[in-house]
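A.B. asks: Listed below are the residues making up each chain.
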Amino acid sequence: MDSVFFSGLFFLALVKATPIAFGAMAGLMSERSGVINIAIEGMMLTGAMMAFLGSVIFNDLTGGTLPKIYSLLAGLIVAMISAALVALLHAVFSIHYKVDQIISGTVINLLSVGVTNFVANAYIDPRGLAGVGVFPVINIPILSEIPLIGRIFFSHQPLVYLMLIMVAVLQYALFKTPWGLRTRAVGEHPRAADTVGINVNRRRYINVTLGGALAGIGGAFLVLESVGRFQKLMTTGRGFIALAALIFGKWTSVGALGSALLFGFAEALGVRLQLGDVNELQALALLAGIGIIVLAGAWAVLKLIRRGADQRRNRTIGILASAGLASIAAALLFDWPSVEIPIQFLGLMPYIATVLVLAGFVGRAIPPAAIGKPYEKA
Amino acid sequence: MATSEARRSSRRRALLGRLAIPLLAIFTALIVASLAMVLSGTDPIKAYLALAEGAFGSQVARVETLIKATPFLLAGLAIALAFRGGLFNIGVEGQLFVGSAVTVFIGYSVELPAAIHIPLALLGGMIGGAVWAGIPGYLKARNGAHEVITTIMFNFIALRIISWAIGVGGPLRAPRTVVPETPAVFESARLPILIPDSRLHAGVIIAVIAAFVVYWLLWRTVTGFELRTVGANPNAARYAGINVEFNIVRTMALSGALAGLSGGIQVLGLAPYTFTTGFNVGLGFDSIAVAVLGSIHPFGVALAALLFGAMDAGARLMQLRTKVPIDVVTIVQGLILAFVAADQIIRRLYRIRTETEEGPVSLSQSWGGGS
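Sequence order for the protein chains is Z and F. Using our numbering, the letters of the first sequence map in sequence onto residues 94 to 471. Using our numbering, the letters of the second sequence map in sequence onto residues 20 to 390.
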């Protein structure tokens, strides 16, 4: 157990968290303005396929004369546009036609599976299309030289950086800008928002559609930064984990990132377990420690943003953080006996965590008040 | 006499009006999906003819249609029942999984006479499904956790636990198999075959009976009255002295039981009588389309299930004849759900007047939060 293992684990967690965080941000944009989004999965799947097709076709059209990076960028843009269009469909159904938003989401998910499988079977597979490749790793000058931290945070492929930037931007935008205030107003009390002259439905259209573009990046990540080609149903439920991260993060982008990281850690630990680098109990202790620290961290960040000067909470955050550190230290220092725990159960964490916060057993996740209801002008 | 005649004819017209939207939605979905076929270079008419032949063209085809319609009917009933109670049970997928697993376990672990074994195994599956739906129901009733999110999460929890249970070294794993699957259930637990030398099993009859039972339950019993009242207006129901919280749990449990039965019948009715990963994946979601297309009425659901079963049964011949990927069926099913749900599109397309008599049933209510 050394720093290489440790930084590798963190590094992998951040990579695994990236598509989940993008998906969660898509849900955030949509749900904060009052439109339920269970169609993140479908938008990501469409984004993944279109990223592949976009990059491959662009590469063919240019005859491979341009550097690979242009094809990859083209793929990314195509993914964003097409996922945004899918989201627009969700918006039209739920806002214009006032279709039950869960039904609309189900339609999107069904159609995405049908269409991507259809295209894969009718077009991609028969032609044996090969991918263009993946985005290169970008080492941030100077910062990537820092021991440990540099390896974890500053030597990634570009979409990981983009994700971190977007989380910060969205958190700021949602709570510190007029756009954010209006978005939240529309999601909490559309009638009041309407009264002060905000166009409720237009705002919802814009938010759902832009959110779709974010989900598209999340899907594109799988093709353009991870696998390198499209595989049928390759999102494998990540859109729903993103939904879980959104709720566990209590409808904030920093919270969603924290949850995505936690789920990413669970996934990364699962990988490490299979490689035999850690044993089960050690992994659990690590996960518990990291989980507590992530929670304390997210809490601290939110508190900083809201500037609530409550001494008692400061102490709680401090105690939580040190408990987390102690748990990690214990995981690293002791020789843990080997116990057989099925590793699939690590993967249950996102789902159970979500159920627990929704039921109010650990903190309470309260959704935007007007979510799911179409707005009708009085 | 004359008035009753007039009433009957007006009722007939109302029924026709109610059928018009679903039928036109199906028609429109087929047209839109044919665009995908044209783009991939096939003649959609040829493809649809092959689809119809594969579904109804021979006795084997018709049997296959019935077999495929059976789980759709039961799962569609599960969703429709929950809708009537004001709940969106999107967790049928997971409940079906749990139900199948319990049924298959009872089916291969004990040996009993068939008259006891089959009902016991199916009952076990129903209880499994009821518990898996009842927990989210309880969390909604007591803590206000929205059932859509909790049941989605329960789907994944079920999937993970069961893939562990039938994985290498798992408790349900059959010995000496390469693929993850359970042992086959004993002969005594297998559903009888209705037509010799065919695959048509007695589950079809069970499903049809279930449709009548659900109809009877909803409109002829106190339970059904309470269920529908809570679904229509929980506040009014509470005012009338109905225990709303208890009803939410009961409705979810009943819905989950139907979902569990749907899965159980699949493992007891169809060779190889085992449970594997990838078993009926997506059925729980397709059944939402079945329930909505069937106007969340048991008999409507039965017709819709027959249609979906026919499409699934005919898809293979269509792929064989015309090289159209089987996935076009998923597209059609998604489009049908879209057009039935957004009936304004259909009304505008075909210039159908909007009737004001009965508003659409509100499917999902407050999203979490206070109850």
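FYI, nobody ran anything at the bench for these hints, they're computed from the structure. Positions of the beta carbon are idealized from the N, C-alpha and C atoms, including for glycine. Please note that a few of the clues may not be correct.
[Unchecked claim] Covered stretches of chain Z, going by a simulated chain F footprint (3 or more residues, C-beta under 8 Å):
(1) 192-203
(2) 209-223
(3) 248-258
A.B. asks: If a hint holds in the structure, say so; if it doesn't, say that too.
C.D. replies: Now the hints, each set against the structure:
1. 192-203: With 10 residues in contact (Cβ-Cβ under 8 Å with chain F), the coverage given for the stretch 192-203 of chain Z holds.
2. 209-223: holds (count 5)
3. 248-258: With 0 residues closer than 8 Å to chain F, the stretch 248-258 of chain Z misses the three-residue bar; violated.
Hint compliance for this structure: hint 3 is the single one not met.
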